[in-house]
Amino acid sequence: MVSNNDALNSGVSNSGVSNSYVEIRGMSFSRGDRLIFNDIDIDIPRGKVTSIMGPSGTGKTTLLRLIGGQLKPRDGTIIVDGQNISRLKRKQLYLARERMGMLFQSGALFSDINVFENVAFPLRVHTRLPEDMIRDIVLMKLQAVGLRGARDLMPSELSGGMTRRVALARTIALGPDLVLYDEPFAGQDPIAMGVLVQLIRLLNDALGMTSVLVSHDVSEALSISDNVCIIADGKVIGQGSPKYLKEQGSALVKQFLQGLPDGPVPFHYPATDYKTDLLSGN
Amino acid sequence: MLDYIRKLGANTMHSIAVLGRSGLFLWHSLVGIPDFRNGMPLLIKQLYSVGVLSLVIIIVSGLFIGMVLGLQGYNILVDYGSEQAIGQMVALTLVRELGPVVTGLLFAGRAGSALTAEIGLMKATEQLSSMEMMGVDPLRRIIAPRLWAGFISMPILAIIFSAVGIWGGMLVGVDWLGVYEGSFWANMQSSVSFEKDILNGIIKSLVFGFVCTWIAVFQGYDSVPTSEGISVATTKTVVYSSLAVLGLDFVLTAVMFTAF
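Here the protein sequences line up with chains V and X, keeping their order.
Here the first sequence is numbered in numbering that gives the first Met the number 0, starting from 0 and rising by one per residue.
Here the second sequence is numbered in numbering that gives the first Met the number 0, starting from 0 and rising by one per residue.
Because the hints were derived from the structure by calculation, they are not lab data.
Hints are supplied without guarantee of correctness; some may be wrong.
[As the list claims (entries may be wrong)] Lysine to any residue pairs mimicking SDA-like chemistry, simulated, CA-CA at most 20 Å apart:
id, chain 1, residue 1, chain 2, residue 2
1, V, K88, X, G31
2, V, K90, X, S128
3, V, K88, X, R20
4, V, K90, X, I32
5, V, K71, X, I32
6, V, K234, V, F184
7, V, K90, X, G134
8, X, K44, X, A113
9, V, K88, V, R73
10, V, K88, X, L23
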């Protein structure tokens, strides 16, 4: 049995302000008429790995973009390391992002430069390090993701999984304080996935980073997470440590974590009755 | 009727919003402290892809247009016994009008469409977003060098176009049809004014270069990030740029060459 203190100790609901790297309060966001988030509160504890989970289309990637200041909330505040990210001026926002890294679902490598130059890009732009030092750092990052030998390949020559690993190396090149991972395990073979799972945990602990992980790979994500936040229907339906949620979470949370087809979360997108639809002819 | 007015209002509002966005886009791209250390290599790369790679189409088009002008001009002028004025006619036509205008149209079709497609694809593959998240402003890193490259390349391309065109006119007029070479060059020299003709032609090409590049990079940046969206944006670039070049040419010609 897990006490509620377990959830609180994970720094979720009642943690002090200074313990949270990201604090989201009363945040709502909509795309057109569709409400994606409705008055949600989320805390991302400093120095921890937090997984954001939920059914497809609930806005997990959108949440990462809101934290990164690429989207602005309709209501509420998003405080990142003490700064209201949606109120920052353009220059301040870019300065704040220098301390962030985001791994995109598609990898988003620059297609006109090779793997080495992709990883070297943030170092060249934001630092004045000598070329031999840049080379060493890039090779170290590529070694960490197992792609040192692929340094001369162009992004078009990489598989989907390799692309994401190179993107991960680029994301951590500058040693950011906050790293946002959007589906880092998608398309990885079991060996690469195991290495990445360990790498994310290791980087977080060794460099004192704060990690936010969006993933559908429940077992892998839970295995390295200190804190989990589950979103469905525009609301946060569960927050706490993985152990707490597994044992004390609501039916919705349990259905998601156990991958059950029947439960409060519908598999189908809202639609008219199936039989009526087929027989209507139009 | 009410529906029509509503649609008209919505379209007007949309157009104003796009205009506002494009203005802000231009402002954020160009206004700020220049970063020569990082910016110069990017500008040189863009000057190559926007300017140097457009040279073939510019030179070939210039040559043929000059040759056609020489041929047509000769056929008309010979009836009046004034075929010696062919050099003057070819040069003035090219330097004042066809040089900047045709270069602008070719530039929109060759470099403009390529810029839109490239930036649109960068948007669709989240390269621009990833740059933003690295703390690098894509407007300064991606857009600004392309804008400057278009602005710098266009007058040079227009000058090359006119020079090659004059040479094409000479090939036809002098070497083929036998107009006296001395008259060809002397008439041209006496009638073409540097300030009135050449400088105004360069000013025209600067304006066309700026407008065409602005339209191209904005359409790419503002495109819907899908294959269809990029296709629509590329088409818009060519259509809007061509119309802008022709419309602005009339306005500039009226201002520069009409004695009110």
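Checked hints:
| no. | hint | in the structure |
| --- | --- | --- |
| 1 | V:K88 / X:G31 | holds (14 Å) |
| 2 | V:K90 / X:S128 | holds (16 Å) |
| 3 | V:K88 / X:R20 | holds (17 Å) |
| 4 | V:K90 / X:I32 | holds (12 Å) |
| 5 | V:K71 / X:I32 | violated (27 Å) |
| 6 | V:K234 / V:F184 | violated (25 Å) |
| 7 | V:K90 / X:G134 | holds (9 Å) |
| 8 | X:K44 / X:A113 | holds (14 Å) |
| 9 | V:K88 / V:R73 | holds (17 Å) |
| 10 | V:K88 / X:L23 | holds (14 Å) |
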